[in-house]
Every structure is written in structure tokens, then in C-alpha cells.
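If you read the sequences in order, they're chains Z and C.
Here the numbering used here is used: the first residue of the first sequence is 1, the next is one more, and so on.
Here the numbering used here is used: the first residue of the second sequence is 1001, the next is one more, and so on.
Derived from the structure by calculation, the hints contain no laboratory data.
Among these hints, one or two may not hold up.
[Claimed, not checked] Per label pair, the in silico range of CB-to-CB distance:
| id | chain 1 | residue 1 | chain 2 | residue 2 | range |
| --- | --- | --- | --- | --- | --- |
| 1 | Z | 290 | C | 1201 | 27 to 37 Å |
| 2 | C | 1267 | Z | 232 | 50 to 60 Å |
| 3 | Z | 77 | C | 1174 | 36 to 46 Å |
| 4 | C | 1171 | Z | 159 | 31 to 41 Å |
| 5 | Z | 250 | C | 1329 | 22 to 32 Å |
The structure displayed is predicted, hence computed values, not measured ones.
Positions of the beta carbon are idealized from the N, C-alpha and C atoms, including for glycine.
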Amino acid sequence: MDGEISKLTIEEKLSCQSLTPLTTLNLLDSVDVFLFDCDGVIWKGDALIDGVSDTLDTLRAMDEIFSSSFAAAMYLKANDFPKEKKVCLSVTFFSFSFFSSAGFLVCVYVIGEEGILEELELAGFTGLGVLILKLSPMLINEHFPLQEDGKKTAHLKPNSLFEHDKSVGAVVVGLDQYINFYKLQYGTLCIRENPGCLFIATNRDAVGHLTDLQEWPGAGCMVAAICGSTQKEPIVVGKPSTFLMEFLLQKFNIPTSRMCMVGDRLDTDILFGQNAGCRTLLVLSGVTNLSDLQDSSNHIRPEYYTSTLSDIISLFNNYQSSF
Amino acid sequence: MDGEISKFTIEEKLSCQSLTPQTTVNLLDSVDVFLFDCDGVIWKGDALIDGVSDTLDTLRAMIVFIICVGKKLVFVTNNSTKSRRQYAKKFHSLGISVSEDEIFSSSFAAAMYLKANDFPKEKKVCLSVTFFSFSFFQCRFSSVCFSIKIMLLILAQVYVIGEEGILEELELAGFTGVGGPEDGKKTAHLKPNSLFEHDKSVGAVVVGLDQYINFYKLQYGTLCIRENPGCLFIATNRDAVGHLTDLQEWPGAGCMVAAICGSTQKEPIVVGKPSTFLMEFLLQKFNIPTSRMCMVGDRLDTDILFGQNAGCRTLLVLSGVTNLSDLQDSSNHIRPEYYTSTLSDIISLFNNYQSSF
């Protein structure tokens, strides 16, 4: 493996070239870890993009999935968010209520879907707002909203206080199809009134391909709603924030210059890769097309671009067959 | 009336003073029109704030020195959930007599903005004559012939992410509003090979406070703004929170508007406070200079800023969302001319002044 080939100049690195057989080989040669965005790169809605399965097998890429939900749970862990706090009452009270001890669970309010709650619970935190139904996949049909707070309504009545849990120490906001006024009020109250309550956003994507045919509002929509009512900015744990990258660096102990980010969005995936010092490859199978990339208002230039993920393998095969 | 008393220097005008008997008399002397915010000034939720009714009666009937000059009262509210007619009803139910044309709600502002910018109500398009004669003798195209004869009606519709107040004001102004609370019951079904459709003839999306906000409406509004050429994005206002009930605050229009900004990455045209769009209306109505108007409100970033932007006198009341520490906080840069605890102070301070003679 000739180390020289991979030492491209900064200008060449930022030159936004279409992948060719030679440059593909070079990339494969100089990168040990491939990071893939999913929507628009691996799948679109629930449909796998052609050729991806074989590509991944061939790349023997990392077998781990790092989602922004996972990132949210890891952020809380990294910042020592409490799981359970026991507080003992003072002796004067104790003598009255002999055996009582107060336990404060510090909860996380979730405006989002099951993925976030699941990651929080796996990390040992207590989540509110979303119910995990432990049903077999066959019983979960698409008409049944797997949401507790998604079904609630906020009743506006005189002399009636909308209550919220004072022990909520963080509100995590992500994409939420079941967003409603109840959740917006709950999250807003926690952030405005619970001292030190964190406001965490899984990401701020404006739209995304929730179905194969079209785009839908993304987490950026729900996060902006909470910014609008609290007038606060969130801690963003997903792309393009580099929080996830720090995690990956610890895990692989490989320099970012030997990682390549493959994504379909300039302002999240490619920017993320560049911020972290990775190689970057834009695929045109998702939300970005060639004219978006070449538009004069776009200032984010990936190192390479290509039509779809499977090009990596077809170009590599092309190179090999030229010998 | 001594005109000199009211000629304060700019420094004094921006001096953020607590109202006193003397300054109250001065204010009453130099102002002909009082503009009141409603939430937090007149009422909180559905509960009238103490002393407001008498204060408004007294202001209308006010006799100042030797000149009988009743004050004109105008109610300027950012809450778009009700129309002017519905607000007049609310006032009436609280024992205050207010006419519709004294009320300027942000729902009314949205309809007036569309009117002022010649938003189409109905467009008729006739097909060219060549089509007509060609199909006339082609019997096998008879069904097509029929549809070509009919003139195409393009209704330029307005999609509403908000409540009845906006829909009612749009209708009164002759526009076709769609969406609103009805769409609050709809769900967006995410299925493969299934397209979420939206009306391509929507020419404007109006966003205000919406208790019935949901993913369906967010997608509908987003698609209209992103895909219908020239579609307007109008916000009734951007208040972060508001007293929808007397006991606490709730997310305001600023929440829903921000959601749409988040998904479309576009900024809206704001018609409510602190935008001065409504002020242009008021100027036409009264033909009185803004320096002889006083804005009374409970919010610095909407009410007071609105008044200042328009060149009015400004009075902050502490009966709503802003308290004294918010006003005096070092991060606050908006300084009203005066502040006082509650609206009825105007009358008690005035009486105080009078009784000192």
C-alpha cells in the first residue's frame, strides 16, 4: 500500500470530483472506516437502494449503527446525567417518618419516537413521554400509535394547572410524527421552569425521506418549535455536530484522516465529515442532486461525489478489469 | 393645555420611569389614542384583570382640564385564535362594551395583508378559441369538448395552520381559507408508494397559534411553501408563549411559526406586533400622529417595541408576562417610557393628582 497516493493536497481534497476508477481505488486504499448516513444512502423510506447490500458486504464495513438517538443517550452519559438520586430526609423529619427515604428519579422528557426512548433506557436513564410496547413485530400495525403523550390533549380550562414533572432534568427532541400541543407545552415548561434542565436536539435536519416518494418535516421542525417557545438554543448531538465523532475516535482509535463519511446531505453529512477532518463522499441517491451541488449558493464541497453507493464497487471492479 | 409639558427630551422619554400622579396627568394630556394589548393587560385567559372595566370607561369619558376630550381606545392583540367579532363577544361577556372596529387582532392583520397585496380571491381563465372550434365537430371527443367549454376557475387558496379566528377573517375579506382546526383531526399515513397530496392552488400559508398542531398540517404547510411557486409564508406573530389560561403560559404562535421555518428554511412575513403593518391601518383610521398615541402592553419584545418602532409613547404594565426584574435585567435593552403595576393605576394616579388640589 503506497502511502504517497493518499497524500492529496488540500486543494485536491476539496476539489469536488466525480469518483473515477482510480480515485475509488485511492479512497479504498487510504480509508479504514467508512461512515454511512442511512436515509438517501442506504435506503429511501423502507426501500433499500439498489446494490447497497452487495456493496456493504464487499466493503466489510463497520457493523455498528450510530444513530442520533444513540448520540443523545451517550451525551447524557458523557455529562454524568443522574440516573437515580437518593436523598435522605433530615433527622428532624426522620423521627416522624421513620422508614421513609426519598428517591428522586431524574427523568428525561422525550419529544420524539421510540428510538430515543429505547437508547435512553439501554443507557440506564428514565424516559417519559413515549411508551415502549414490548410486542412482537407482527402485532404492531401501522395504525396503532406507539405513543403515550401523542394521544394526550391539553385542556385549556380556567383555574386548571397543566402539571409537569419537576424532576425532569433534560428534554430530548427529535423527529416526532406524533407532535402535538400537549408535548410542546410539557417540553416548554420543563425547559423554562426546571432549574438546569438540558435542551438536547438529536439533529436539526429540515426534511427527510420518511417515505420513498417524498420528503417530510424532519427533527429540525420539532426542535425549531421548542426553540420558538423557549427562546433557547439546543445542544445538538447528531450531525453535523462532532459529538458522535469523538465517540467513534475512542472506539476505533484510528485518525479521522483515515475515515470517510458517505452521505447525501451537504449541510449535515458532508459538513460533519469536514468538521471532523474525514474524507467525504457525496452520493446523489438522496436529497441532493447535481444541480444543488453545483449551485452558486452552495459552499460545501465534498472531496468526491458519485451517483449511488454501489458505484464504489463497480468503479473498483472497473479499475481491476483494466489490468 | 400646555404643550411644553409634553416636550420631553429623548433621554427623558427613554427613561423607563414608574408612573406617578404628575406623569400620569401629563400622559393623559398629551395622548389622544390609547392602544392596548389584551392578554396580560385587559385579561388573563378568560379572567378580567381588576379595575380594567372602570379604567376603560373613565378613559373614554375623560375630561382633561378645560377640554372635554374622550380618549380613543384601540385593542391590538397578537392572539390570532379569535376574529374581531369573537373578541368583541369576549369583551361583552366580561362586561366591557367594545365595537369590532376598535379591535385589531393579528388574524385580521393577516387577511388585511393579503388584501393590501392583491392576493387573488378568484381567477377566471378562459381557454383560447382554437381549442373550442377544433373539438366542436369531433364527436368522439365530446366529453373532452364539454370540459373545454367550461371556464377554468382557479381559486387561490390560503392554507391555515391556526384556529377559527384566522379562517373567519379570511372569509370576511373574501378569501378561501383551508386547513385550520379541521386538519387537526387528520393523520399523516406514512406508507411506501403512497404520495401525500397537497392542493397546488394554495398561494399562501398563514401560521398562527394552533392548539391543534400536528404532523399532517406541518407537512401540508411545508409542501405548499416549498413546492407551490410564489407561495407566501405569513406569520400572524412570533410570541414565544402566552397566557392562554389565567394560571400559566403556553406555547405561542412563535412555536408553530418556528416549526415551519425549521422545515422550510424560510423566514415569514410577520403581520402582528412588533411589525408596524397594523400601525399603517391605524394611521389611516384616525389621522392622528403616532406621537399622540400611547401603546400599553405587557411584553417588551412585541408591545413596547411595536410602540417604539411606530413612534408612539409606551407604557409597560407588570400584570402580564413581564415583571420588574425582567425589565431591570441587564440583558434587556427595550426600555418603555413608563411602567406601572396594572392598567387601573392610570385612574388611581390621576385621582391622586386631582385630590392633591
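Here's how the hints hold up against the structure:
{"no.": "1", "hint": "290/Z <-> 1201/C: 27 to 37 Å", "result": "holds, 31 Å"}
{"no.": "2", "hint": "1267/C <-> 232/Z: 50 to 60 Å", "result": "violated, 19 Å"}
{"no.": "3", "hint": "77/Z <-> 1174/C: 36 to 46 Å", "result": "violated, 58 Å"}
{"no.": "4", "hint": "1171/C <-> 159/Z: 31 to 41 Å", "result": "holds, 34 Å"}
{"no.": "5", "hint": "250/Z <-> 1329/C: 22 to 32 Å", "result": "violated, 41 Å"}
Checked against the numbered hints given earlier, this structure breaks hints 2, 3, 5; the rest are met.
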